[in-house]
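Asker: Required output: the full structure, derived from the provided sequences and hints.
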Amino acid sequence: MTRHGRLATALLLLTVLALGAGCGLVGWEWDTKMSTVQPKSEFGRMTHDIFMLISWWTLGIFIAVEAGLLYVCWRFRDRPGAPIPKQVHGHTPLEISWTIAFALVLVVIGIPTIRVIFKTQEVPAATALRVDVVGRQWWWEFQYPGQKIVTANELHLPVGQTVAFHLHGPDVIHSFWVPQLGGKRDVVPARVNRIVLTPEVPGEYIGQCAEYCGASHANMRFRVFVHDKAGWESWVAGQQAAPAEPKDELAVKGKEIFAQSACVGCHTITGVSAGTLGPNLSHFGSRTTLAAGIMKATPENVMKWIEDPARHKPGALMPNLGLRDEQTKALAAYLLSLK
Amino acid sequence: MADAHVHHDPNIGTTGLDNRKVGMWIFLGSDCMFFGSLIGTYLSYKGKSLGGPGPHDVFNIPLTSESAAVLLASSLTMVLALAALQKSDLKWAGRWLLATAILGAHFVLNQVYEFATFVLHDGLTLSTNLFGSSFYTLTGFHGAHVTGGVIWLMALWWQLKRGRLDARDYTKVEIAGLYWHFVDIVWIAIFTIIYLIP
Amino acid sequence: MATHAAFMPGGATKEAAATGVWSWITTVDHKRIGILYGVTAFIFFLMGGIEALIMRAQLARPDSDLVSAQTFNELFTMHGTTMVFLAIMPLSAAFFNYMIPLQIGARDVAFPRLNALSYWIFLSGGLFLNSSFLFGAAPDGGWFGYTTLTTRQFSPGHSIDFWMLGLQILGIASMLAGFNFIVTIVNMRAPGMTLMRMPVFIWMSLVVQFLVVLAFPAITVALILLMFDRFFGTLFYAAAAGADPLLWQHLFWIFGHPEVYILILPAMGIVSEVLPTFARKPLFGAPVVIYSGIMIGFFGFGVWSHHMFSVGMGPVADSVFSIATMLIAVPTGVKILNWISTLWGGTIRFTSALLFSLGFIAMFTMGGLSGVMHASPPVDLQQTDTYFVVAHFHYVLFGGSIFGLFSGFYYWWPKMTGRLLDERLGKLHFWLMMIGFNMTFFPQHYLGLIGMPRRIYTYAADLNWGFWNMVSTIGAFIIALSILVFIVNVFKTRRSGQVAGPDPWDARTLEWAIPSPPPVYNFASIPTVHGRDELWLQKHGDGHGGAPVPKPAPASAKDIAAIHMPPPSYWPILLALALTVMLSGLLISYYQVVLGGLLTLYCMFKFALEYHRPAQEAH
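Protein chains in written order, with my numbering: chain A, 30 to 368; chain B, -13 to 184; chain C, 378 to 996.
Every clue listed holds true.
Computed list of lysine to aspartate or glutamate pairs in EDC-like fashion (alpha-carbon distance at most 20 angstroms, straight line): (1) B/Lys34 with C/Asp621; (2) C/Lys983 with B/Asp155; (3) B/Lys7 with B/Asp155; (4) A/Lys258 with A/Glu233; (5) B/Lys7 with B/Asp17; (6) A/Lys325 with C/Asp839; (7) B/Lys32 with C/Asp621; (8) B/Lys147 with B/Glu160; (9) A/Lys333 with C/Asp440.
Source of the hints: derived by calculation from the structure; they are not laboratory data.
Since the structure is predicted, the reported quantities are computational estimates derived from the model, not experimental observations.
Answerer: Structural data, given as structure tokens:
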């Protein structure tokens, strides 16, 4: 038994060491596109501070407990001829004191937690930019009531400006989440939820639905662009303008196809159609991605998408319209011309 | 030696209580959570219906009060049935059991009549509005409990008639009684919360 | 309802002699039912494991198309449902069944036929749920089945029906078992076994059974409302009619959080038996461990909304549920220190059983600590529905429950089979599992922190998730290998394993006072109990100079012949079948529901009156 005991302890130690070394050597990269630990907003920073506070405490407790466990295993391993150990039933003062110690640690964690809960859920000032987020199977609509802008799957925000997101949706529960900008807030049918964020660093961020919402939950992504003041204003101006009229021949033909096909039943293009079941396409050409962030907006991808939406996004509600290749090509050219 | 009492009565255990009785108490505790969840659902949807009819368009308080009185009376007859059985008065035990079952059946028929009126007269169905859904589900499950109780009581009565139930089996009747009183108490809660509180 | 042993002719020898399939189908012996639970649950555990392996294979690389989105959604739904309801709960039930009567010095559970009924209903429910694969309608709404996704509008077809009815059937089985075990523990203890002399495994079992009988009604109601919505057009989850989809979440988690403790407390009980045995010391601060278990169970009902911090409950509710959740960490942490203190000063024998218990402490600690992180709502808003949470609860439910259950297997296997499992293979199993487990789930903490959401069947390559997903997948296959080692061990030692004898570990509690495997009546003479570690007291005394307590007087052949055990019955399996016919009728035809209902009623009568004395015995 002793030999086994030593072996066991050694192996347990090795595992822990290997894990530790794994963390150090491989150098886990934290500054990735959906990292939750590189906050780029006020909300994110407050959350992150609490996360780090709890992490240090729990890491300390973790090391103490695991080290204690290993030490006890090593020190009290069975040796040949060992007598029956003393039958100790407990030690009340010791047990009371560690109960209190745990409770104290929780106080240290609990107080800032509650402070941040209330801070992050304050009623936003009237000056906050309002964005209505509509979560649908499986894409996002973003409405800016103040700016009279409706767009989809790509959210544009001004840096340093507090934004009040009002979240609602018509079908199932989704969750609005941009990891680098802060926590999630669920989109619950028949309710309007709110989350208030203040982005602090310009850049492009990735968002994703974080509540399982059916077949294409994995494909319900979006992009967030945080602009400086000038960039924001120019984006707003571009969106408020009427969609550009197609110029080249292919795009003109595309517009005709769009207007005559089933597209108009679901999609809005200002001045052309007024469908609301699918994303607003008025400024489709100004977006970098399509199909809720799963593809880059290139002519080939737009064609592939139109040809068979459900192939790229299982369960997609948009049907395959059965267009001929040249029709698809024209349609793609038209859509991409809508800057 | 140690298990001498086991030979005496296999159902009496460590606590001196009958296993079946302890089991019934635990079941009733569990059933409290069941009705608690249903009542909670009803209350959380109270006043949330998007259209009528609402509770006070349909409720017939005199009728339901009579139901409540009938069910309360049945608790009394249940107690009398058990007492008679314990005194080996099989004739009256049978009568009281039957009376309890009949009162229970009366309650169920009242409920059937009530539901029928709501559906046919007031146009309130399971899918009319949230009130319809939560009302029928809650009271329906209570009615199902009463129905189950009536079947149970009738079964006991039938056993008694066939000479297969006597004073030695009073625990069987006592357990049915526990269940019956519980169902009665639940009705008082439902009657108060749903019918009486505006 | 109950079995009247005294009215039965025949006796112990009748079933003891019986073998063959029929004897298993009609058995009411808690030990056999325990084995049935164990074997069935282990098969379901393998199925859930295979589902996990397919998912891991899919996620090993970005943009993978090994399985379709639909299949992946079915896999994670069935993996979760299977592991919770068909693997961990019934594996625990195997130990409850086998060990509760043995540890409290009883000859059977309070209601032996009800016990058989629980098993058969559980089996029907498991088969019913998994039969959905055959009909191409595997559930795909997640194990948590959030409405409105699971309403008829967004989930037409039968997949959710299978899930909903399957869970309903399984819930009945769990609750019946719960009533039975509570009565057994409360009312069937050997003389002298006061509540505080009950082994800690018994205490944890008791808390679990209370959680089962009080928490399952909530999910029963949630499922009934869903069933009515889907079949009868009620509006409980219809947002368009003004319903609140969060009603489901509240009801589900009022069940769901106690469920977590239903899954972990049995393992805590096992560890509390294994550590003292192999350290040769009593459990340190046993009363505190017991009270902590009760506290955990009690608080478990007050924290359900910590699964819902992201739904927007408002800061007050967030704060209350956050504090309540943190409070649970106190009794949990206390338990861990008590276990380590149990080892302190002992003479520790590193058997496979002990290694798994040590693994439990080491891994569960980690799961508990990461749980403290998302007890804080701001942190939870980042971590919920990411792989960080997946890592967290696998450290609790795999690193905790599964390690604890395997510890129980190695510890009690000789009691159940009469033969020891091979220790070398056992240690190989442990180390492979330990390495595979940490390889699989430790990187998932990191993946969650860099934003990988749960329940996605694919992910883009530019997010840096690929490498550690690959590591995680390799780890999962190492776990599978370790399970294979266990299976090999079982088959290898079935015939040729070392014969155990009654007490191979120099253990402390009553089950080791009787032969392995125990005779059908368990105890030839019912012991009188003097302390929590009764057998140890009989063997070694209290260690403080007290003499060993007396052993029960040996029973004569005549005494043994006079022991009455309940004879076999086929009504449990018939009743379970009738019930399944009734509930599955909802998918086929209402005529079947009515027919099944009548059959159920008929079987209930036959069940209830099976041992009622015949008429001529009346006065």
